[in-house]
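Student: Given these sequences and hints, build the entire structure.
One line per chain: the protein sequences are A and B, in this order. Going by the working numbering, the first residue of the first sequence is number 5, and it counts up by one from there. Going by the working numbering, the first residue of the second sequence is number 194, and it counts up by one from there.
Worth double-checking, as some hints may not be accurate.
To be verified - Below are the PhoX-like pairs computed for lysine-lysine, each with C-alpha atoms no more than 25 Å apart in a straight line:
id	chain 1	residue 1	chain 2	residue 2
1	B	K485	A	K71
2	A	K71	B	K287
3	B	K250	B	K493
To be verified - Heads up, incomplete: computed chain B residues facing chain A, CB under 7 Å, no partners named:
id	residue
4	T404
5	A425
6	S488
As the list claims (entries may be wrong) - Pair by pair, the computed Cβ-Cβ distance ranges are:
id	chain 1	residue 1	chain 2	residue 2	range
7	A	L142	B	G464	49 to 57 Å
8	B	K287	A	L75	23 to 31 Å
9	A	Q317	B	R311	51 to 59 Å
10	A	L69	B	T575	21 to 29 Å
11	B	R311	A	V135	45 to 53 Å
No lab work stands behind these hints, which were simulated from the structure alone. For clarity, every value in this text was computed on a predicted model and none was experimentally measured. A virtual CB, placed ideally from N, CA and C, is assigned to each residue, including glycine.
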Amino acid sequence: MELSALLQNLLNGLAIGSVYAIFALGYTLVFSILGIINFAHGAVFTLGAYFTYTLVVGQFENNGLFKGVNLFPGGSPLSGHPVTFALATLVGAALAGLVAVLIERVAFRPMRSRGADPLLALVSSLGVALVIVNLIQLLVGAEIYNFPSDAYGEVRPALSFTLGGNVVIIRTVQVVIFAVSLVMLAVLGFVIGRTKIGKALRAVAENPTTASLLGISVDRFIVITFFLSGFVGGLAGTLVGTAFGVAGPYFGVAYGLKGLAVIVLGGLGSIPGAVLGGLVIGLAEAFVPADYSAYKDAVAFALLFIILLVRPQGLLGRSAIQKV
Amino acid sequence: MARISLNGALCATLSLTLGLAHAQKVDTITIGVAVAQTSNTALLGQEQVIGARFAEKYLNARGGINGTPFKLVFQDTGGDEAGAINAFQTLITKDRVIGIVGPTLSQQAFASDPIAERAKVPVLGPSNTAKGIPQIGNFIARVSAPVAVVAPNAVRQALKLDPKIKDVAVLYAQNDAFSTSETGTFQETVKAQGLNLATVQKFQTTDTDFTTQVTAVLNAKVDLVIISGLAADGGNLIKQLRQLGYKGLIIGGNGMNTSNMFPVCQKLCDGVIIAQAYSPAQSSAANQVFVKEYSAQYKKAPPQFAAQAYAGVQVMVEALKVIDRKKKLNTWDLDDLRVELNKQILLGKYNTPLGLLAFDKEGEIIQKEFYVAQIKMKDAKTGSFVYLK
Numbered sequence: 005m006e007l008s009a010l011l012q013n014l015l016n017g018l019a020i021g022s023v024y025a026i027f028a029l030g031y032t033l034v035f036s037i038l039g040i041i042n043f044a045h046g047a048v049f050t051l052g053a054y055f056t057y058t059l060v061v062g063q064f065e066n067n068g069l070f071k072g073v074n075l076f077p078g079g080s081p082l083s084g085h086p087v088t089f090a091l092a093t094l095v096g097a098a099l100a101g102l103v104a105v106l107i108e109r110v111a112f113r114p115m116r117s118r119g120a121d122p123l124l125a126l127v128s129s130l131g132v133a134l135v136i137v138n139l140i141q142l143l144v145g146a147e148i149y150n151f152p153s154d155a156y157g158e159v160r161p162a163l164s165f166t167l168g169g170n171v172v173i174i175r176t177v178q179v180v181i182f183a184v185s186l187v188m189l190a191v192l193g194f195v196i197g198r199t200k201i202g203k204a205l206r207a208v209a210e211n212p213t214t215a216s217l218l219g220i221s222v223d224r225f226i227v228i229t230f231f232l233s234g235f236v237g238g239l240a241g242t243l244v245g246t247a248f249g250v251a252g253p254y255f256g257v258a259y260g261l262k263g264l265a266v267i268v269l270g271g272l273g274s275i276p277g278a279v280l281g282g283l284v285i286g287l288a289e290a291f292v293p294a295d296y297s298a299y300k301d302a303v304a305f306a307l308l309f310i311i312l313l314v315r316p317q318g319l320l321g322r323s324a325i326q327k328v
Numbered sequence: 194m195a196r197i198s199l200n201g202a203l204c205a206t207l208s209l210t211l212g213l214a215h216a217q218k219v220d221t222i223t224i225g226v227a228v229a230q231t232s233n234t235a236l237l238g239q240e241q242v243i244g245a246r247f248a249e250k251y252l253n254a255r256g257g258i259n260g261t262p263f264k265l266v267f268q269d270t271g272g273d274e275a276g277a278i279n280a281f282q283t284l285i286t287k288d289r290v291i292g293i294v295g296p297t298l299s300q301q302a303f304a305s306d307p308i309a310e311r312a313k314v315p316v317l318g319p320s321n322t323a324k325g326i327p328q329i330g331n332f333i334a335r336v337s338a339p340v341a342v343v344a345p346n347a348v349r350q351a352l353k354l355d356p357k358i359k360d361v362a363v364l365y366a367q368n369d370a371f372s373t374s375e376t377g378t379f380q381e382t383v384k385a386q387g388l389n390l391a392t393v394q395k396f397q398t399t400d401t402d403f404t405t406q407v408t409a410v411l412n413a414k415v416d417l418v419i420i421s422g423l424a425a426d427g428g429n430l431i432k433q434l435r436q437l438g439y440k441g442l443i444i445g446g447n448g449m450n451t452s453n454m455f456p457v458c459q460k461l462c463d464g465v466i467i468a469q470a471y472s473p474a475q476s477s478a479a480n481q482v483f484v485k486e487y488s489a490q491y492k493k494a495p496p497q498f499a500a501q502a503y504a505g506v507q508v509m510v511e512a513l514k515v516i517d518r519k520k521k522l523n524t525w526d527l528d529d530l531r532v533e534l535n536k537q538i539l540l541g542k543y544n545t546p547l548g549l550l551a552f553d554k555e556g557e558i559i560q561k562e563f564y565v566a567q568i569k570m571k572d573a574k575t576g577s578f579v580y581l582k
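Tutor: Okay, structure coming up:
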């Protein structure tokens, strides 16, 4: 492979891989606390993009109950400047976090309080996901929604140069995605690793009963976990939405599947594993030759399969120890 | 053994239901519309619903079927084959429709049309452009021109605009039957025109990041890019091509013939050449009324999917009018009327928003006019297809 192609693929892979990583963090957070995959996470990802779109543009097109609605006839006050756009993104992600909290109340807590099989909660979250995407379609239609094309100052590439006669290009949006993801991962790493909230979360993840005996409100910290999970999921949705457009209510489905691959690859419940898994999958996809790019999903999942054969607990996961 | 018994039971049930239908006269003139109102195909199906509803409102306001209003019954097919089969079965056995306009996707048509064929219910495919659709059976026809006759016009127009074009990149959505069929036609046309097919790139309709394909195109240093995809992925691909510095001509396939693409690539849509089976610029009175009404309500020109659904309903209504003049519709047995409607659909000529239409004996559309347009964007969201002669 030529050096230019190698460099281009590496940069592409890091950008998309970082989105996978922060999306997968949401899955991992919930899994590490409850030991359950929250299948509604893909729907929360979609919602994050729609919430930010509503704040920044607020215009809805031909279909759905919101048909013809324009919340900001004179233009949104949160549009037109990177700082206000960033604010809208954070509010959109926070709203997605609140929806995740609601999902916990509706789909997980009732099951938990009845001591139901975890599989039921998983199916319940799948049901919630379907309700959410259908609700989005009912309200705003199946239209493609797009943020202003200059949302990130995306008028020209951030970097463009020729190497060995071939062009290497980095889009502004790729740089933004990578930078935001890095900041988000650092903040989350700090919160979980260095703060009291993080310690309490880790205690609940380790053993909820013991944590409860130590005076930690398990339900409260589960709510915090779901909020954080929804926040990062919503943020990932907005990043992808602003980069490529919000391709309808179902656009989180593919990311939901990819996110599952990422956390399994990285090691279920491992936060560094989610990051590593995201980057590995992103890079694996990026290195699929252009002529075969239609098969990149197959390559990513084949890689997952091969790694799991060699290391069933994932790249950074711990082997389960069974005491007898 | 169990499977045979189950199939037998299903056939018996279907025959019984159809048999019961046979005994009844036509009381309400009901046409079924089975398109994708939900799923990720809903964007197309919802446009078809709008087009069909327009036809119902407009044609009923002008006397319906010789003074008797007709009714459309909608069933959601979703985006998969199972959804289309369920919708067709419900329309045939429960809603007892005279004919069906639908389904949205060619893949769905291959699954659901045989059900209508067995029940002898005429079907008009509003957007089934893949090879082999009319050949599914005697009761299957389409108002959607096959890609092979639409696509080559765009390449010829691009060469008119820039005769120096030599090297061409072709990109297509590999997971979409329509796009893979269309790209074959485009690639054959490129070779037939003596152009160099410099690179062929594939993508998926679900893809959002096209950096890999775009850099490959840029490094191939082509003069023309031809894309077969749908509005979301195709629009995104155009956006990223322009953002990353491609300055040459771009041709979009028939799947991108919708103003829904404008908000995706926004001002970067400007100048894209689109092969069209329908153009809002088509000058017939039928089309101009349709365009005026649609634009007044939706503040944009009607898309091809809406126009084709409108045409589907119109063809059925006009065929029913002819039958009604010979023998009043409420005196027919439903099964006989379905057979007669199929015959009459294939016999007639129809002046629709797509232009003058007729059908060959297999049900393939005979469409007189095809179009090539160039997108002119007014601002970030609104634009128009300017008809190229």
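Student: Taken at face value, is the distance from the CA of K71 of chain A to the CA of K485 of chain B at most 25 Å?
Tutor: Satisfied, since the Cα-Cα distance of roughly 20 Å is no more than 25 Å.
Student: Classify the hint on A425 of chain B as holds or violated, based on whether any CB of chain A lies nearer than 7 Å to its CB.
Tutor: holds, 5 Å
Student: Does the interface hint hold: is S488 of chain B within less than 7 Å of chain A, judged Cβ to Cβ?
Tutor: Cβ of S488 of chain B sits 12 Å from chain A, so the hint is violated.
Student: Is it true that the CA of K71 of chain A sits at most 25 Å from the CA of K287 of chain B?
Tutor: violated, 31 Å
Student: Taking the CB of K287 of chain B and the CB of L75 of chain A, does the distance hold inside 23 to 31 Å?
Tutor: Hint violated: Cβ distance 41 Å, outside 23 to 31 Å.
Student: With the threshold set at 25 Å, check whether the alpha-carbon distance from K250 of chain B to K493 of chain B stays at or below it.
Tutor: Holds, at about 19 Å.
Student: Lying within 49 to 57 Å: is that true of the beta-carbon distance L142 of chain A to G464 of chain B?
Tutor: violated, 36 Å
Student: At the C-beta level, are Q317 of chain A and R311 of chain B separated by a distance inside 51 to 59 Å?
Tutor: The hint (51 to 59 Å, Cβ to Cβ) holds, given that Q317 of chain A and R311 of chain B are roughly 53 Å apart.
Student: Any CB of chain A closer than 7 Å to the CB of T404 of chain B?
Tutor: Given a least distance of 5 Å, the restraint on T404 of chain B holds.
Student: Would you say the C-beta atoms of L69 of chain A and T575 of chain B sit inside 21 to 29 Å of each other?
Tutor: holds, 23 Å
Student: Holds or violated: the 45 to 53 Å window for the beta-carbon distance between R311 of chain B and V135 of chain A?
Tutor: Violated, at about 36 Å.
In the structure shown, a violation is registered for the earlier hints numbered 2, 6, 7, 8 and 11, in ascending order.
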